[in-house]
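Trainee: Residue numbers (my numbering), protein chains in the order written: chain S, 51 to 460; chain H, 51 to 460.
Just to be clear, a hint being listed does not mean it is correct.
The list treats identical chains as interchangeable, and a pair is accepted whether it falls inside one copy or across any two copies.
[As the list claims (entries may be wrong)] For lysine-lysine, the following DSSO-like pairs were computed, each having C-alpha atoms within a straight-line distance of at most 30 Å:
no., residue 1, residue 2
1, Lys315, Lys163
2, Lys268, Lys200
3, Lys157, Lys315
4, Lys190, Lys400
5, Lys268, Lys74
6, Lys287, Lys315
7, Lys438, Lys190
8, Lys337, Lys287
9, Lys331, Lys190
10, Lys342, Lys190
Bear in mind the hints are in silico, worked out from the structure with no lab data behind them.
Number of protein chains: 2
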Amino acid sequence: MIDTQTASQIILETALLRPSEEIKLTDATGRVLRENIYADQDFPPFHRVMMDGIAIRYEALSQGQSSFEIDGLQAAGDPQMHLSNEDACLEVMTGAVLPKGTDTVVKVEWTAKKDNGKIEILAEHINEVFEGQHVHDQAKDRSKGDLLIKEGRRISAVEVAIAASVGKHRVQVSQLPRIAVISTGNELVEITENPETHQIRRSNVYALHSALAQQGIKPNLYHLNDDAEELKVSLDKILEEHDVLLLSGGVSKGKFDFLPEVFLKIGVEKLFHRIAQKPGKPFWFGKTKSNKVVFAFPGNPVSTFMCFCRYFTPWLQRSLGDLHHLHMQAGLEEDFILKKSDLTYFLQIKIRIDPNGQLMAIPLRGGGSGDHANLLHADGFMQLPPGKDVYREGEVYPVFLFRSFSNTVI
Amino acid sequence: MIDTQTASQIILETALLRPSEEIKLTDATGRVLRENIYADQDFPPFHRVMMDGIAIRYEALSQGQSSFEIDGLQAAGDPQMHLSNEDACLEVMTGAVLPKGTDTVVKVEWTAKKDNGKIEILAEHINEVFEGQHVHDQAKDRSKGDLLIKEGRRISAVEVAIAASVGKHRVQVSQLPRIAVISTGNELVEITENPETHQIRRSNVYALHSALAQQGIKPNLYHLNDDAEELKVSLDKILEEHDVLLLSGGVSKGKFDFLPEVFLKIGVEKLFHRIAQKPGKPFWFGKTKSNKVVFAFPGNPVSTFMCFCRYFTPWLQRSLGDLHHLHMQAGLEEDFILKKSDLTYFLQIKIRIDPNGQLMAIPLRGGGSGDHANLLHADGFMQLPPGKDVYREGEVYPVFLFRSFSNTVI
Chain S
51 MIDTQTASQI ILETALLRPS EEIKLTDATG RVLRENIYAD QDFPPFHRVM MDGIAIRYEA
111 LSQGQSSFEI DGLQAAGDPQ MHLSNEDACL EVMTGAVLPK GTDTVVKVEW TAKKDNGKIE
171 ILAEHINEVF EGQHVHDQAK DRSKGDLLIK EGRRISAVEV AIAASVGKHR VQVSQLPRIA
231 VISTGNELVE ITENPETHQI RRSNVYALHS ALAQQGIKPN LYHLNDDAEE LKVSLDKILE
291 EHDVLLLSGG VSKGKFDFLP EVFLKIGVEK LFHRIAQKPG KPFWFGKTKS NKVVFAFPGN
351 PVSTFMCFCR YFTPWLQRSL GDLHHLHMQA GLEEDFILKK SDLTYFLQIK IRIDPNGQLM
411 AIPLRGGGSG DHANLLHADG FMQLPPGKDV YREGEVYPVF LFRSFSNTVI
Chain H
51 MIDTQTASQI ILETALLRPS EEIKLTDATG RVLRENIYAD QDFPPFHRVM MDGIAIRYEA
111 LSQGQSSFEI DGLQAAGDPQ MHLSNEDACL EVMTGAVLPK GTDTVVKVEW TAKKDNGKIE
171 ILAEHINEVF EGQHVHDQAK DRSKGDLLIK EGRRISAVEV AIAASVGKHR VQVSQLPRIA
231 VISTGNELVE ITENPETHQI RRSNVYALHS ALAQQGIKPN LYHLNDDAEE LKVSLDKILE
291 EHDVLLLSGG VSKGKFDFLP EVFLKIGVEK LFHRIAQKPG KPFWFGKTKS NKVVFAFPGN
351 PVSTFMCFCR YFTPWLQRSL GDLHHLHMQA GLEEDFILKK SDLTYFLQIK IRIDPNGQLM
411 AIPLRGGGSG DHANLLHADG FMQLPPGKDV YREGEVYPVF LFRSFSNTVI
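Bound conformation, chain S alone (with noise of 0.2 Å):
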């Protein structure tokens, strides 16, 4: 039995960088970028009005000048027009490009159009104009060549403007992994089916291809029954065909419990079995020589769930390049009691932010690892380290969300 870092580590090590593939830029959110992103251009690639109103030279302003001939109008679109009259000015839209001979934009609001057709500076605003206001310097923000967003960034809106911005309607990506996700249990059923009295829905399976599905990966699922010469046909196939195989069940100490000595004669090489925690103890890991890995997790809801967040995320992320992350913790927002021992225990919690900003981590009790109705109120998990019997209100440790928490309304 290890504990959950060494656990942590080794399953770490074993995230390989997936390979890139090229794709859409309309299909590449939420996907891990796998080139650099460069600057095709001066941002903004010309002297950019920002205001609607007249473009003229400062000088003749500071020269005592107020009021201006409209010598054209200066359209967003249109190419770059040039004030041969140097005391008139030109009418400018937001988006255009400033004119040659101005260098200074009087926004529409300070301005009055006079009987004679001239433009005038309002009198209460002329000292508040200043040379350059409301131009966007030429490569004030990036010049050609700069690079903008660096590989290994996950690909949100943001990444798509720039992206967009610069032209690329094509992005290299990681490709995402083939991945099985496989019952086992003879008391399985299908979710369309009425289960007997001693029979119990698959309901993992469809936990893991939700949380995949928010991953953007669309897993296959299988169901195979406790009976190891089955065992060892069917995932001998399903290896073949997928880089990551996900189970839940069949890796306890039980009777029916073949899939430790079935992963051994397919070829794949045990790297640990039983993790110091709970729930999750049993939890089986192991890879095959072209570096397939297996994550055969315990079979009730609660540990099957929290093994995948807690272990496989990380793996998916380092597999697929992805260097953004957020180190989460939170304090206890009340004392947690717990009989003292050498497994690191896994608190099912809720997260609430207080007043301060401070992440609380709202302590769910109740249920044991089979009670999965129990994560209906839970936003995560709350690693606490083992040998300690308090954990105090107010003491921090790492959290592990399953539930986004970004959206808000006021």
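Starting from the structure of chain S, add chain H where the hints point.
Mentor: Okay, now just chain H, sitting in the frame of chain S:
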């Protein structure tokens, strides 16, 4: 001009609950549940064996018996057996029904097989056995008919698992709105094109496309030129085919900012124009008689995106009937100085969790609303109230995050 709070209220008041539709459970992740889900049976549905071992009558043990004849094997998935010989035991597997006539499971690690074929409970563990040990009692977690998941829940892996376990392979969820994302501005060209020096590529619509994809919505994208007649005809048609229009650009005070007048002509009532905020001041919002809504965001990339996060996302959540929210706020990592004004300021921030579990917001300086490359370093916006010039380190303000940060590697 109205303040952010008023704008937010006006917008949320237009958010009518979407109709519901029935979809497959395997497609339901991320959607909002629109029916209550009840236990169709007890949880667990039977007295469930929690450990591999033997099932006995505790009374026999308490009367001094410590070795038991094996009367058979109760496997998971098999109908319930019956211990006919009161002083014998049945071997049992995790997940099995507890055999009739037994009440306690002694785990296999605490037993040994004797030469006479009997199972003996190891002397050092006898005192640790208690009545009902390792039995997960029928209905202990939930009873048949109990409400498990209330409508209004955003469906995650946990909800999928519970729905699967009660046989809900199809579920009622909120229909997603049909959304059109429209760019305006003659300076914009397609992302596959090489812009002339006075042009830039469309990026805002791709940002919104991506942000909507994260919500499971596939919007239709359009580009319209700055021509009042073309805008009127096209927008009228687009409005017919969608529930929501998201536009960027064309709502400032420029000569070619035709949108407000066009909206009027096609029956979109203005609910407000301009919010006392920076960026995003010229934001226009309206609705039709049939409750279609039009979010016309200012064209600057940061303005568009900020308004989307701050105003559209909560509108969407409310329309979908999503009742699960977290009011996010964070402490300022360092002082932030601003020119005092009447505008609410949306500061670009990076989020950090300090060792105490405190959410901290690192202010990102540099770049105006046109500098969307700056957003690459940001995780969200912090809403700073107007009328102040110094926002002190440690002060707590609401934040609107556009990256999920539930991912951790330890």
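Trainee: Check each numbered hint from earlier against the structure, then list the numbers of those it violates in ascending order.
Mentor: Violated hint (a single one): 10; every other hint is consistent with the structure.
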